[in-house]
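Chains as they are written, first to last, in the numbering used here: chain A, 4 to 436; chain B, 379 to 519.
Since the hints were derived computationally from the structure, they do not count as laboratory data.
Treat the hints loosely; a few may be bogus.
Stated by the list, open to error - Subject to a maximum C-alpha distance of 30 Å in a straight line, what follows is the list of computed DSS-like cross-link-like pairs (lysine-lysine): (1) B:LYS492 to A:LYS389; (2) B:LYS505 to A:LYS410; (3) A:LYS388 to B:LYS382; (4) A:LYS167 to B:LYS432; (5) B:LYS391 to A:LYS396; (6) B:LYS438 to A:LYS168; (7) B:LYS432 to B:LYS512; (8) A:LYS25 to A:LYS153; (9) A:LYS201 to B:LYS432; (10) B:LYS432 to B:LYS505; (11) B:LYS391 to B:LYS404; (12) A:LYS389 to B:LYS438.
What the hints assert, rightly or not - Computed Cβ-Cβ distance ranges for the label pairs, DEER-style: (13) B:THR396 to A:THR194: 26 to 34 Å; (14) A:ASN367 to B:GLU397: 31 to 39 Å; (15) B:GLU439 to A:PRO64: 35 to 43 Å; (16) B:ASN390 to A:ILE407: 20 to 28 Å; (17) B:ARG400 to A:ASP270: 53 to 61 Å; (18) B:GLU431 to A:LYS223: 16 to 24 Å.
To be verified - Derived list of chain A stretches under chain B, where covered just means 3 residues or more per stretch with a C-beta under 8 Å from a C-beta of chain B: (19) 385-391; (20) 407-420.
The beta carbon of each residue, even a glycine, is placed where N, CA and C say it ideally should be.
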Amino acid sequence: MIWNEKFETMPREEMREWQGQKLKEMVERIYYNVPLYRRKLQEMNILPEDIEGIDDLSRLPFTTKEDLRDNYPYGLFAVPMSEIIRIHASSGTTGKPTVVGYTRRDIAVWSEVVARILTSAGVERDDYIHVAYGYGLFTGGLGIHYGSEKVGATVIPISAGNTKKQLQLMEDLGSTILACTPSYALYLAETIEELNIKRDNLKLKIGIFGAEPWTNNMRKKVEELLNIKAIDIYGLSEIIGPGVASECEYQYGLHINEDHFIPEIIDPETLEVLPAGERGELVFTTVTKEGLPLLRYRTGDLSRLIYDKCRCGRSLVRMEKCLGRSDDMLIIRGVNVFPSQIESILLEMGETEPHYRLIVDRENNLDVLEVQVEVDDQFFSDEIKKLEQLSRKIRSNIQSTLGISVKVTLVEPRTFERSEGKTERVIDNRKLN
Amino acid sequence: MTVKQLSVFLENKAGRLTELTRILGKAGINMTALSIADTSEFGIIRIVVSDPEKALQILKENNFSVNLTDVVCLTTANQAGALAEGLEVLSAEGISVEYMYAFSIGQQAFIILKTEDIYRTIEVLEKNNMHLLKATELYNI
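Chain B extracted, bound-state conformation (with noise of 0.2 Å):
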């Protein structure tokens, strides 16, 4: 149930983001979700693609510092609440979130969680019937 996300190390410059994703799209992997985290200094953009282990060799080749990471996808009705729902379970688990990041289209909305124990995650979100999205589903939205 895991999900593999990308991770990529990149300076605040100008022009390293262009430089990235034209690098993966030249390579015809496609992004279903992507966020960035940023300091003063340097951000780690996370990105979920069609082919994570291509493009983890692609960004190699491209001499960026790159890894993958799991991270689960969860999904709950796009409607009011329904966030809090799924945290609650977490956290009355004692599993607390590194980071996460959310999109929703239509009737569904999609949530990619990072967190220290991702099986453990798991195993919770799953015992408490949250619904949870296998990889190719993801790739595939």
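Isolated chain A, as found in the complex (with noise of 0.2 Å):
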């Protein structure tokens, strides 16, 4: 099922011309309402006139986080606060949260791609949606909530946390659709295990998984523990909240929804877009968006482009599934090294629950990072050497996957905090100054 025929099958040349028509428009709203995109682009000599089609967007300027910080709380909001309906606010984890509003129009296309992109995930008018995303300032709730309403399906509003009475609602309501974080949906799992709940007591089919970095093999295990099809999605609040983009049923790669929210891939370092197919870091234009459009919007994610046909009918662009942000990155002795690639060496050995701890740190002007690993009960061996053997057979994985030499710590079960959010999965002890 495709939600919105017209513009999720539209001819790539037809999407160009739209997309260009759009940036056009939107370069002159934030001229002349916005004050910093108005100095960035008199700093760069260009009018809005100039903007001809979409071949004009690798010229025009780039915004990033630390602008929306600088512009804290309504800086770079284009319209008059009368016309702002909803604010949303990121965690703040690393400096002042990110403060995101919409107008009654932005709202409307919001509900239109969660409506999108639930649709490609298998939600139908019949599903009961169990939205365990946290409801608040928290984009994932309220966005995955309202794209629902607009399906017509039947949404359980029961936003994250008190997991017991989750489940037991998630049995007597008949949820089908399971709408959370990976690490949330792997921890509902456990909690099933562990109370003995009969899988077949629960009617849940599809689980749709986002807000934060997981891997294949992650999804693996959360397929096989729930027997449901994981599906990921992708969004960031900057740009619009959950509904940015997401896979449909062949699950490769993410169907972007690139009417409202344009694409481009470069290089972190050149800033250069790259040609397509290249992996970068991702960034966004939202060309539709009333109360806060960015341009060329640094995400920090990266990930590539897949320009080729989907068999699911869909000519929109697709985005690698995103594993790893460039400021996730950590600088290991000159190695670049992403969190998600060590829980993809863990999951493959298969003998170890994908829950693990990085820590950094800095001994003698060295960094060493080690990881922490809990000891899976299924595969733990009363002898030492074996034990000693999947230790090393861990280390010298990560060896030689990825160049650099660690120190592997095995960690009795349940010694990591299970979140109802985020995970927190990296500590850097490292005092840089």
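Make the complex out of the two chains shown on their own, each in a separate frame, by following the hints.
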């Protein structure tokens, strides 16, 4: 099923024309309404009338998270506050929160794009959507909520937390769709096992998981434990929230709603646009947003764009599943390391639960990476030598894949708190000053 | 003739052993024998208890990595050379010991043994008239 045939199957040339037209309108709006953009464009000697089509996008200035922080809270809004009907904000773990605002039309667009991604995941009117993303300032809960209502499914706005009660209601109300972060899905799956809830008593069939990076191995595990199809969705509050992109039933790349959010892939160092298919930092321009339109916003997420035709019939460009962030990246003795790479290695070994933590420290001016891994009960051996072999194997697999030596520590199950939101995987104790 | 031994993974952290023994104690599980094997980072604690299945379940509920391992309990006279005699029987058959621990009470010594092939070990020991203790006998010492 396709929610919006016109845009989701639009031929490439037509899409480029649409994007060019919307970009022109957007640049005019921000030039006259957002002081930061007027200044940036003036510094580059660009006037709104210089924009003729989509090919001009690469001439335009970038927007960064710092721009949002510097103009906290409302400085980049392009409409008077009387037009804003909703505020959301990011958690702000590294500094001030990022505040975003929506006009009535923005909320309508948001509902539309979420309706599209839910439909592409397989959600229908008859479904019961268990929305276990947090409700509140976080865009996850309300974003999925409005889109679900638009689809006409039955929304169960359970929000995050109170896991046992969630499972009880999931069973009683017959939830068919689970929408939450992948780490919470894993936590729910474990709790189902612990409480000995019969999987047959649950009607779940599809999971809609996003808001944090997760690997395909983690997907396999969640799909197996919950016996569902796990769909990866992508979104960030600066762009709109959930609804930016989502996988279809083929689970190979996430279709971007590019009639609203134009993607580019750039080299994070040179800032040059990379040819189609190359990996780099994902950048979005929100051409239809009214409240907070962002020009070439640098997401920090690493991906690549796939323009090949998809079997589902959508012509929307696909982005590869995000497996790392340029700012999650750890530099260990000069080597770029993404936590997701280590997660993949652990999961491929099939002997450890995907529960781990990375601790980075600096000893004698050298970076030291410690990988703490929870020992899975089923592989646990009562022989010291087998556990030592496991620890050595993890160490050598990381060494051969990433080219860095690490210290591996086996820890007891449940050492790391299972989060009900995003999981903290990395503790960086290096003081760089 | 096998004895079910409880093996538990423990990090080298203050208080973990106390916690483990307290959990078993509260559940009314008595320990007959216990040994700890340790490395610089973690240890494995091996315990013979009165009710291994119940102990397994309780420890799992408390999030320990734990399993049951088949071991044998050999008894000998509590006197010089008795253990060597038993071990000679095994080495003559090419059976090597993975780990063992022992204790003695009065005239009797008890040796808990883990080998690669526990059933062959039992066969060899019995053939040589060594005395093995049944699980129930061991739990009730």
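Hint-by-hint comparison with the structure:
A threshold of 30 Å between alpha carbons decides the hint, and for LYS492 (chain B) with LYS389 (chain A) the separation of about 15 Å falls inside it, so the pair holds. Between the alpha carbons of LYS505 (chain B) and LYS410 (chain A) the distance comes to roughly 48 Å, so the proposed pair goes past 30 Å and is violated. This hinted pair checks out: LYS388 (chain A) and LYS382 (chain B) have alpha carbons roughly 21 Å apart, not beyond 30 Å. Of the pairs offered as hints, the one joining LYS167 (chain A) and LYS432 (chain B) holds, with about 25 Å between alpha carbons and a cut-off of 30 Å not exceeded.
At roughly 24 Å between alpha-carbon atoms, LYS391 (chain B) and LYS396 (chain A) fall within 30 Å of each other, so this suggested pair holds. A threshold of 30 Å between alpha carbons decides the hint, and for LYS438 (chain B) with LYS168 (chain A) the separation of about 22 Å falls inside it, so the pair holds. A distance of roughly 19 Å separates the Cα atoms of LYS432 (chain B) and LYS512 (chain B); the hinted pair therefore holds under the 30 Å criterion. Distance hint between LYS25 (chain A) and LYS153 (chain A) is fulfilled; the C-alpha atoms sit about 24 Å from each other, no more than 30 Å.
Distance check on the hinted pair: LYS201 (chain A) and LYS432 (chain B) sit about 22 Å apart at the alpha-carbon level, within 30 Å; holds. Note on LYS432 (chain B) and LYS505 (chain B): the hinted pairing is violated, with a Cα-Cα distance of about 33 Å set against a maximum of 30 Å. With a C-alpha separation of about 21 Å, the suggested pairing of LYS391 (chain B) with LYS404 (chain B) holds against the 30 Å cut-off. Restraint check for LYS389 (chain A) and LYS438 (chain B): the C-alpha separation of about 21 Å stays at or below 30 Å, so the hint holds.
Evaluation of the 26 to 34 Å hint for THR396 (chain B) and THR194 (chain A) yields a pass: the beta carbon distance comes to about 28 Å. The hinted window of 31 to 39 Å between ASN367 (chain A) and GLU397 (chain B) holds, with their beta carbons roughly 36 Å apart. Restraint check, GLU439 (chain B) to PRO64 (chain A): a C-beta distance of roughly 58 Å breaks the suggested window 35 to 43 Å. For the pair ASN390 (chain B) and ILE407 (chain A), the beta carbons lie near 25 Å from each other, so the given range of 20 to 28 Å is met.
At roughly 58 Å, the beta carbons of ARG400 (chain B) and ASP270 (chain A) sit within the given window of 53 to 61 Å. A C-beta distance of roughly 32 Å is found between GLU431 (chain B) and LYS223 (chain A), which places it outside the suggested range of 16 to 24 Å. Requiring three or more residues with a Cβ within less than 8 Å of a Cβ of chain B, the coverage given for the stretch 385-391 of chain A holds, as 5 such residues are present. With 7 residues bearing a CB less than 8 Å from a CB of chain B, the stretch 407-420 of chain A meets the requirement of three and the coverage assertion stands.
Of the numbered hints stated above, those contradicted by the structure are hints 2, 10, 15 and 18, listed in ascending order.
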